[in-house]
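Number of protein chains: 4
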Amino acid sequence: MGMIGGSLDAFIGAVHRRGSQLDGEIELVCGAFSSSAEKSRETGAALYLDPSRVYGSYKEMILKEKELPEGERMDFVSIVTPNHLHFPAAKFALENGFHVVCDKPATLNLAEAKELKKIIDSTGLIFALTHNYTGYPMIKEAKHLVDSGELGEIRKIIVEYPQGWLIDLVEATGQKQAAWRTDPARCGAAGAIGDIGTHAENLAEYITGLEIDELCADLTIFVEGRQLDDDGNILIHYSNGARGVLHCSQICNGEENDLNIRVYGSKAGIVWHQMDPNTLIIKSRDGGSRTIRTNVGSLSAQAQAHTRQPAGHPEGYVETFANIYRNFAFALRARWEGKTPDPLYDFPGIDEGIKGMAFIENVVKSSRDNKNKWTKFEI
Amino acid sequence: MGMIGGSLDAFIGAVHRRGSQLDGEIELVCGAFSSSAEKSRETGAALYLDPSRVYGSYKEMILKEKELPEGERMDFVSIVTPNHLHFPAAKFALENGFHVVCDKPATLNLAEAKELKKIIDSTGLIFALTHNYTGYPMIKEAKHLVDSGELGEIRKIIVEYPQGWLIDLVEATGQKQAAWRTDPARCGAAGAIGDIGTHAENLAEYITGLEIDELCADLTIFVEGRQLDDDGNILIHYSNGARGVLHCSQICNGEENDLNIRVYGSKAGIVWHQMDPNTLIIKSRDGGSRTIRTNVGSLSAQAQAHTRQPAGHPEGYVETFANIYRNFAFALRARWEGKTPDPLYDFPGIDEGIKGMAFIENVVKSSRDNKNKWTKFEI
Amino acid sequence: MGMIGGSLDAFIGAVHRRGSQLDGEIELVCGAFSSSAEKSRETGAALYLDPSRVYGSYKEMILKEKELPEGERMDFVSIVTPNHLHFPAAKFALENGFHVVCDKPATLNLAEAKELKKIIDSTGLIFALTHNYTGYPMIKEAKHLVDSGELGEIRKIIVEYPQGWLIDLVEATGQKQAAWRTDPARCGAAGAIGDIGTHAENLAEYITGLEIDELCADLTIFVEGRQLDDDGNILIHYSNGARGVLHCSQICNGEENDLNIRVYGSKAGIVWHQMDPNTLIIKSRDGGSRTIRTNVGSLSAQAQAHTRQPAGHPEGYVETFANIYRNFAFALRARWEGKTPDPLYDFPGIDEGIKGMAFIENVVKSSRDNKNKWTKFEI
Amino acid sequence: MGMIGGSLDAFIGAVHRRGSQLDGEIELVCGAFSSSAEKSRETGAALYLDPSRVYGSYKEMILKEKELPEGERMDFVSIVTPNHLHFPAAKFALENGFHVVCDKPATLNLAEAKELKKIIDSTGLIFALTHNYTGYPMIKEAKHLVDSGELGEIRKIIVEYPQGWLIDLVEATGQKQAAWRTDPARCGAAGAIGDIGTHAENLAEYITGLEIDELCADLTIFVEGRQLDDDGNILIHYSNGARGVLHCSQICNGEENDLNIRVYGSKAGIVWHQMDPNTLIIKSRDGGSRTIRTNVGSLSAQAQAHTRQPAGHPEGYVETFANIYRNFAFALRARWEGKTPDPLYDFPGIDEGIKGMAFIENVVKSSRDNKNKWTKFEI
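Protein chains in written order, with UniProt numbering: chain F, 1 to 379; chain W, 1 to 379; chain H, 1 to 379; chain D, 1 to 379.
Derived by calculation from the structure, the hints in this document are not laboratory data. Be careful, since some hints might not be right.
[As the list claims (entries may be wrong)] With a straight-line cut-off of 27 Å between C-alpha atoms, the simulated DSS-like cross-links for lysine-lysine are: (1) F:K176 - W:K267; (2) H:K371 - D:K59; (3) F:K143 - F:K66; (4) D:K267 - H:K176; (5) H:K376 - D:K371; (6) W:K267 - F:K376; (7) D:K267 - H:K365.
[Unchecked claim] Chain W side only, calculated, beta carbon under 7 Å to chain D, not exhaustive: (8) D286; (9) G288; (10) T291.
Positions of the beta carbon are idealized from the N, C-alpha and C atoms, including for glycine.
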């Protein structure tokens, strides 16, 4: 694996490195960690990389690695830059024959995402998008419960993602994470909606399989001087008639990373909290409440395939990335061995990326429209 | 106290009786418990009332009691009927000189509520509305925290009230509670919104003091054959610029009575769950999280004045009614003694009733309007 | 009902009053609230009692009330004094023909408790002991689960009761509750063990039906100047071979009233926390975890008979007293009507009182013995 | 790193591999994964190791690696075998110049542990023991709170470790984990006490710094046919006068891995649950309750140094091993660079190992003694 972005002062780069190497299936062999060659070198050194494979730009990395003999050169790139670089880096990698793992959201805008899909389709290479929260065993179980009909017809989805780290103008203090996430040029058309709202939307669709028919959004910028939304609230009509409420925020003072989902069907409802990720509750009016826990009792093959520890030994955030990377590695290996990848080891790809970008654009459009109530969801 | 409604097979009548007599300040002396004289008699007997003071109708009760000598006759009526009888019963009681405690929502519609206010004002009598959830000590503390500025400027309110008891057509099975609550003639223009949405709205306004400027509502009837909404989701703009999300439902399968509120300000946020009512959490990005508990450490006078037990001895639903009844009794006593009632012992009245009815009408109006996004809140 | 003890500055008197009158089955008609006639009068006045039935001593009350015509005089006494007065007051009441409800522990020592049983047996009157925590619906359900074999053979019981209110010499500050509870003359041979350890022991025995065979106790006085234990830890061998750990404390800084029990059997285990009393968890290695909630789904008749509210409307401490008083009233009424009381409406009596006193004496004996490991439990 | 034990069907080997490679500081280069050469080969292949460095025995591995040139050979061994092999493997590694990371408990018995200390001292090499639970950031914070006096004088410790996976004779079903853990020859003198009781004891001592003065233990074998305790309950006197209760079990039906600790001091108490590891509660009677969370607000340098993710991104079990391995790697690197290791990056060593083995032996001794109450803790 070669990494694009993710120098030492970044956040998500280290997460991808830990996630990718947790299972010993993937080795980081090279990187272009920063637009600053100096920073890239420092990062490569700290990671004990061969200095000759620490590059000054992703283009250099891709071109040089391409020249290395097979078996020696990197097998794929991992893109962990700010959003605006996702598309050009992914495009260049794919067009030079490298598979891609990319942080979310897929691209800077919907047009790029559609274009990226074309490139992926034409090259036939593998593309994974790290919508990591769907990697939790209990989310696999939740999807399984919906798929197997245990919830009946889905009627209501409440998905929320309150955070509080942007309650003031952090981006003006030199905090790098805040700086690019609040900058339209690097982040795209939305702030909180793009950064975390897309996770919420992806989670709801992953579990239920429902698609948005129309939505009504209310985005706000609370912190003076900020250019992108730091709060968003959305009413949703799903295509099957289910109703949804999606709200996310980065100004919910004191909230950490409180992604939660509740799905209610005619037969039962489920509740899951990301901050207590190994617990899933299923309940119904007449049947009471059952607590499903990672690796306790009899679970679906899907949940088991994404579990590493015995019951009660907490698995967390890093394992969600590890699950995507490991499944991506399995898919790669299957390809090399001429086999069909096992659908048990799923991971998000460009279709989820396109939906995420469409979600951002539809939400922004709806929010800007203060007259019409419902915005038809268009891709 | 004389009770109107609340026969043995009702739910809320018994709650009012228990709440009113918990502190020994109020005694039930008479009642017109049902439109069936037979049922009323049975209820009176079960409550050990003097049979001569168990009446066949509220009019009879009010007129007969009025004739009794002062000190012997009831001091006030408690109205616990379905909604459509609130107004005529309250009007008749007030016009005959009796103070009133009334279950919420205040009346069948906004016009009645406004009319009722006029009658209250002209008679000068005391009217209490049992929006009981504001009677919890931790809600008093929450209001105190907001009032004293500990949250800073309020930016976001998330208030939710999912229940699951109406996931199917319970009203067709002869269940009395479901029957009148889903019948427009007895319940009013809204179902879930009227029954529980008004509690959510009242709770948010009580704690924050904010008023709704405009809203965008999406009400749904999920259960076939039902006439009133069993699910409602609302986006709110408060007058100070704060954003709100209010959702309530009676088809959230497996949910019991899950009234929850989160209020986020520039300085801190608070979280409260009705099903764990003696706990209030206050948190902020930099200050971390503090758990405030009923009767632990140093609390506001408001919280203390509504607490009966030492720390860790759970107080619950019945105490919220008791707090309203006791405070109402204190106001009555103050009046008799020519004193000004102590504002520490507050309770909701007709103004909250008007707001609740206006909330219902504005929400229904907004929901029916599928074109315009925002409905200006009008009273 | 006539009350002995429970003046305005007491704690448990008000709890008994609220509990007894919650359901409208019992009316407070007279009282001897304090050894100070002045205090007794003040209390009676605050409770709106007829001044002629507010007495200066319990003996006066019992003798005067006895002279009143049947139907007018009190039916029973409620004893809510410090422990040392339980026995003489109960004895005098019983010997003059009055039934008794008494706060726990039953008496000052085991000998008194045994003597009291003889008096109860010879008079044939009804005696209730307010071990209130067994009045929670979820405890009724827990007992039902054990009785019906859902846990299999019981192997281990962990019951704990940490409090923190006596972390310093509160009794020296004039705090009345602390003063008598730490005074051997009024409280008996044990402090924390008598006050709360007996609740823990009673709860374990009520749920499981197991009896203590032998125990090994370690009591400590942590606060200098205190005369009775403020901390106790006990290993228990139950008669069926089950192992127990019982610990209680009043110096667990920051703990409120944290009575908890876990019972593990060969088939399943249960967990209950008093501070979240409407939740009971049943779990097993292979079956996972089920959350049982007051009035949700299908529960035992025992649990239902002690529930007042719909699901999700918290019931708490006052209802546990109300359940004992109501059941006592039912037993009284059955007696008057010549019927057999319904065993569904159970309440603790003198047998539980004797066991509690024996528990105190055996624990104190074991703790004082620093040589022998096991103390055979003797009654 | 070379691994001893940890073939594919083992549990803890994979944990050590994941923990050691999470941060990219340590690389697995060789292994003797099983006493079966076949199994060892299979494991090595699955881990993509150079087949020439997959050995048939730990002796072979140590001798062969020793012959490799510096920089090429492994730097240390990681011992993840059943207990009885810890000592011989560690001894052989140390005597041949390799540093050691070893799973707990340190050895098969106390004598071996003492002997091991001598070898470590004489070779001057580094030895780490994976008492992993002390690697959680919130445990670092807890220790910091005690050390900095925020709890005052420690009075009471309740530490518990209930599990339920051995409720029946799992060891007879061919389950490898159960088989060696219940076999005295491979596991040592104690079952549950050795496997998990030592973790509980280590956790209590790590946080508080207190030492056991005397104890009173009650071990039981509940499952017929089992040779070692599956349940243990212990009263403890700490050297400063604090009281302790330690209980652990593997027959608590339905419990997963429920290691919990509560420490109460004169100024405050703390509560921590391993299954919710990123939360630490500190509370006091007068100050109320504060929830400390990983990476929220201002924490100690110790907690921060063991944290990888932003607030609300759950860290779990694998990170506790990673913290020990990373700190061990830092110590190794410091040694190579001639520097003093930074005490911030601490890890358990042979002293903790000796205490753990002494704990086992003293507890077993006390439990076998049914006459004398207190067993003086001897090392």
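Here is what the structure says about each hint:
1. A C-alpha spacing of about 23 Å is found between K176 (chain F) and K267 (chain W), which places the hinted pair at or below 27 Å, so the restraint holds.
2. Between K371 (chain H) and K59 (chain D) the alpha-carbon distance is near 50 Å, which puts this suggested pair outside the 27 Å criterion.
3. With a C-alpha separation of about 39 Å, the suggested pair K143 (chain F) and K66 (chain F) falls outside the 27 Å cut-off, and the hint is violated.
4. For the hint linking K267 (chain D) to K176 (chain H), the alpha-carbon distance of about 23 Å falls within 27 Å, and the restraint holds.
5. Under the criterion of a C-alpha separation no larger than 27 Å, the hint pairing K376 (chain H) with K371 (chain D) is consistent with the structure, at around 12 Å.
6. Among the hinted pairs, K267 (chain W) with K376 (chain F) is inconsistent with the structure: their alpha-carbon atoms are about 37 Å apart, more than 27 Å.
7. The straight-line distance between the Cα atoms of K267 (chain D) and K365 (chain H) is roughly 31 Å, outside the 27 Å bound, and the hint therefore fails.
8. Satisfaction of the interface hint for D286 (chain W) is found here, the shortest Cβ-Cβ separation to chain D being roughly 6 Å, below the 7 Å cut-off.
9. Against a cut-off of 7 Å between C-beta atoms, the interface hint on G288 (chain W) holds, since the closest Cβ of chain D lies about 4 Å away.
10. Interface hint status for T291 (chain W): upheld, as the beta-carbon distance to the closest one in chain D is roughly 4 Å, under 7 Å.
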